[in-house]
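> Listed in order, the protein sequences are those of chains A and B. Sequential numbering of the first sequence, starting at 216, is according to this note's numbering. Sequential numbering of the second sequence, starting at 216, is according to this note's numbering.
Certain hints may be false.
Since copy identity is lost for identical chains, a pair holds within one copy or between any two.
[Said to hold, decoys possible] No farther apart than 25 Å at their CA atoms in a straight line, the calculated lysine to any residue pairs in the SDA-like style are these:
hint	residue 1	residue 2
1	K256	Y516
2	K256	P517
3	K256	R318
4	K256	A346
5	K256	T498
Just so you know, these hints were derived from the structure itself, not from any lab. Note that the structure is predicted; figures quoted are calculated from it, not measured.
Listed here are the chains, written in short residue letters.
Number of protein chains: 2
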Amino acid sequence: VSCEPVTWADGTLRIIDQTRLPRELIYVELPTAASVWDAIKTLQVRGAPAIGVCAAFGVLVGLRETAPATAGDRVRAVHQVADYLGTSRPTAVNLFWALDRMRRVADAADTGDTAEALGAALEREACAILAEDIELGHRIGAAGAALIREGAGVLTHCNAGALATGGAGTALAVIYHAHVAGRRFQVYADETRPLLQGARLTAWELHRAGIPVTLICDNMAAQVMREGRIDLVIVGADRVARNGDAANKIGTYGLAVLARAHGIPFYIAIPSSTLDPALNDGTGIPIEQRAEEEITAPFGYPIAPEGIGVYNPAFDVTPASLITGIITEHGIMDPPFTDSLCQLGTAGTQLSGAVLR
Amino acid sequence: VSCEPVTWADGTLRIIDQTRLPRELIYVELPTAASVWDAIKTLQVRGAPAIGVCAAFGVLVGLRETAPATAGDRVRAVHQVADYLGTSRPTAVNLFWALDRMRRVADAADTGDTAEALGAALEREACAILAEDIELGHRIGAAGAALIREGAGVLTHCNAGALATGGAGTALAVIYHAHVAGRRFQVYADETRPLLQGARLTAWELHRAGIPVTLICDNMAAQVMREGRIDLVIVGADRVARNGDAANKIGTYGLAVLARAHGIPFYIAIPSSTLDPALNDGTGIPIEQRAEEEITAPFGYPIAPEGIGVYNPAFDVTPASLITGIITEHGIMDPPFTDSLCQLGTAGTQLSGAVLR
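Working from the sequences, and respecting the hints, build out all of it.
Shown next, in the form of structure tokens:
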């Protein structure tokens, strides 16, 4: 299932240029911090967990570029490149979480360490983030797979799949696990305007894995629900507050309202790194506003007159009250989410069974 | 406001090729029944009322092509071309309503009438349909304009404007009238995938008329509502059943659900020709399914992998229970709609004040 959107081999960071999918599957090298920043900003690499992985290796790339002279300079350089990479996109918390892990490794380094020693420690940390992400995909998929019954219809939005993470994804990991378990079902993929991650990435991934997928325009989701084709909705998230409010790709909130109106369960699938324990609720989640041209000139082709207003928020926040359950590497959480998410926020802590299914 | 999407001059039928907007404003001639059929099928001319007007003139064009020898042949030829044009698109009832008016003129012709006499009678009828449509736009606009208050936010979907009718439109006629009355307000236009009538046509029309318009992707409507930017939703319709169930461009039903969830009034604006008195409710409205390529390769640019499933219904049906009011040339109808719509079905009858605001 994995398609390795971010790879690190012999000191070289490479990503799949996701803006060229599904036409071309091309890996590009990111040799500088600026190229990492651009790749995140332009969505060549995207998906909250994959952004975190890419940024972690980006710190290594950036440190190598500057080649600081002293141990103190090296720690400062790690902070500088981490601060810089943190300005690429504001919403996905995994970016800041991964950069913080890299900063902590630098801060913990001995002042007598060589450049090689710090580099090796940072490389171990970035590789650990990637390896953990792969493992998390398995665990999220295993935790949620039973939600998808034989013959079910599953609706997803944007891409929370192998292209969005180091491993099998989050929402799509659940789908892959149900498929591997031998169940047959139908996935409906919202195309996800403006950047069409559903059409370009989710449909590509699922079709490649032999899972039946039907593409719809975003505005068809309500009709597809009304026709009884959808048994559950599963999406990923870019940042989840302690109460369960979940920021995800624009359109997710509307889907959650529609799912509720049609009596359809609505699930979020996330690794614990997507939780932002600093936020009590979703009102504090920064929403990235992106360029008008993403809407008015998709792929450079103008579809709207010049001079009009355009509104292009990249994310919205689904209130916890519309979320049936949150699928994590530790199991499926039922509402209210505050207690279970607070425990999830304690890194590495296995949650008690009491708050989990 | 009018931009004359369908014109008839010196026996020549011309339309704006709306597939080329907003890049180019080009009129094309429709010299044959086949070209009229194609223009409707490919949405060079679209919008339920405009389709009706174009098809009415299309009967004249088709009759001239065949040049039947006898009076009886001419009546049969009118029926044949009307039947043919009626196969172009299934959902908008105005098409069948306009073709029926042309059939009735032929059926009423004297068996001794010349080709010229029948032609003149048919031309009078088609011109009457166009003139009535222009007049209806004024009346619909006047009936609904007070709904748009100073400073309001108005959301619309697809294009129910001057490009969709002979006159100022239906939903957009209301907007134009409020603008002419001096009120300032903000229109949000859903881009309306797959064919982007909102981006290409509604934004173009409104911007041209000096009305502030902000373009959004369809999946942003829920967020825009949640942010408190929308005070009412107004859309057109392609066919309305006697109970008020309304078929309109795909996505309308979802908008109505979202509007209800946010406590926002949801209005349909239609001329009486959009009522289908033969249908008790919306379950009998045929929903056109269109080509996959409209979704997978917009404007010929492939955005999805080959081999996947695609679902492309062109319309959905909004149940009357989600509709706050129906704006017609006779005023604004409140629910329940059955009595008032039945009276509207009696052509030309002025409705009693009792059922209208």
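> Please go over all the hints and tell whether each is borne out by the structure.
Here is how each hint holds up against the structure:
no.	hint	result
1	K256 - Y516	both (21 Å within a copy, 24 Å between copies)
2	K256 - P517	both (22 Å within a copy, 23 Å between copies)
3	K256 - R318	within (21 Å within a copy, 60 Å between copies)
4	K256 - A346	within (24 Å within a copy, 53 Å between copies)
5	K256 - T498	within (23 Å within a copy, 46 Å between copies)
Checked against the numbered hints listed earlier, the structure breaks none of them; every hint is satisfied.
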